[in-house]
Each structure stands twice: as C-alpha cells, then as structure tokens.
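K.L.:
Fit chain B to the given chain A structure using the hints.
These protein sequences, in sequence, are chains A and B. First residue of the first sequence: 1, per the working numbering; consecutive thereafter. First residue of the second sequence: 1001, per the working numbering; consecutive thereafter.
It should be emphasised that the hints constitute simulated quantities derived from the structure, not laboratory data. C-beta atoms are modelled at their ideal positions from N, C-alpha and C, and glycine is treated no differently. Honestly, I wouldn't trust all of these hints.
Chain A is faced by these chain B residues, among others (derived, beta-carbon under 7 Å) [what the hints assert, rightly or not]:
1. Asn1030
2. Asn1031
3. Tyr1048
4. Met1093
Computed footprint of chain B on chain A, listed as stretches where at least three residues anywhere in the stretch have a Cβ under 8 Å from a Cβ of chain B [stated by the list, open to error]:
5. 43-53
6. 81-95
7. 101-108
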Amino acid sequence: EPEVTQTPSHQVTQMGQEVILRCVPISNHLYFYWYRQILGQKVEFLVSFYNNEISEKSEIFDDQFSVERPDGSNFTLKIRSTKLEDSAMYFCASRIRGAYEQYFGPGTRLTVT
Amino acid sequence: GIQVEQSPPDLILQEGANSTLRCNFSDSVNNLQWFHQNPWGQLINLFYIPSGTKQNGRLSATTVATERYSLLYISSSQTTDSGVYFCAANNDMRFGAGTRLTVKP
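Only chain A is shown next, with the shape it has when bound in the complex (with noise of 0.2 Å):
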C-alpha cells in the first residue's frame, strides 16, 4: 500500500541554523500539508499547498518557514533560521483531489539545541 515517507526521522540542530525537513506525498495525491506537534500538545495544522501555492497558513506559519516542491515528488518544510520552541514532530500528510482523507507521515523529531 502506497504511503507517504519523511527524512530524517530524527534531525538535531543548533539554534540559528536553517533545517530543511523531506516528504514524498503518496504518487497520484494533490494537496500537501504539513503540521507540527511539541511534545505533550496536540498536533497543529501548519500550512496546505495545492498547484504549486499555499492554500492556507495558520499563524505559527511565519516568515521563517517555507514550503516548496522542488520536483515532482518532494516536498519540503523550511525553517530558516531554527529556534528552541521549534524542537517539535513534524507531520507531513497527502490526500488525492476529490476525497478529503489526509495520510500522514511517520514524522521528524526536530531537536533544537
């Protein structure tokens, strides 16, 4: 069964560096998101991107974060300059157009140092 991966599972890094977190969608699947879960909280929706734009963004969504999809099967979630409240899981999710269930990533334990 078709799903979607992450790398790294695990990326630890120095506060001030710019970390850039992978996902592969599932093949056939159009809209992409990506959402993030500090460790004992629940699990907060970042941002959705479909044709190549954001469709919507929440409010920890800044300026310091980015999507992009590089080529036809990543896609990934910059952070440019890393701060400590960003050590956080980091969930990538996929749907195909149409049907609205989302599957998820197994997710990247960011640890900021």
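P.N.:
Only chain B this time, still in chain A's reference frame:
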C-alpha cells in the same frame, strides 16, 4: 475556525474492558478522522468518518454530523491499545487535545 474537544482526557482500563472516546466539534465537517499515536510518535490512521458508522476489528466509530460529535469504541481492549487517541476535523485538520488511554494487564 472549528473547535475540537475530546473527552475524557485520560482513561485507564483493565485489559479486556470496553471504552468509548468522544470528539465534539463546533461546526459542520467535511472530514473527520481518528488517529492512534503510538509510542514512537507515529499517527496511525484509524478511521475516516465524516458521518455514519465504520468498524475495523475491535474498533468502531460513529459520527453524528447533525449533532457534531463522533465516538470511537474500543472493545476487549489490549495493552497494545495504549497511547493517545486524536480526532481531527476538516481540511486544515484541527486536532483535539487527545485522550490518553492506558490499558493495564
């Protein structure tokens, strides 16, 4: 945006017991999903259920969209059912705070 509330926040059961988890949402939904977060942090998709009833083994779910709630039933619970259960609604997937289930042997 839509508000999603889950209850109870914590639930402790003996193995073999049944349980019901509830998810209330504040507006009509086009998507309602239940997830189980395993000890490694992965979100396991249990049900896509914006309305109606579905069953998968010992788990079943019912969403009454007109009354804005969904229920997740776990029957004959096992220790492997332990973890946090989340519901989430709509396109931007507003998550509830979760129910932490602990099943004791």
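K.L.:
Enumerate the violated hints, using their earlier numbering and listing them in ascending order.
P.N.:
Structure breaks no hint.
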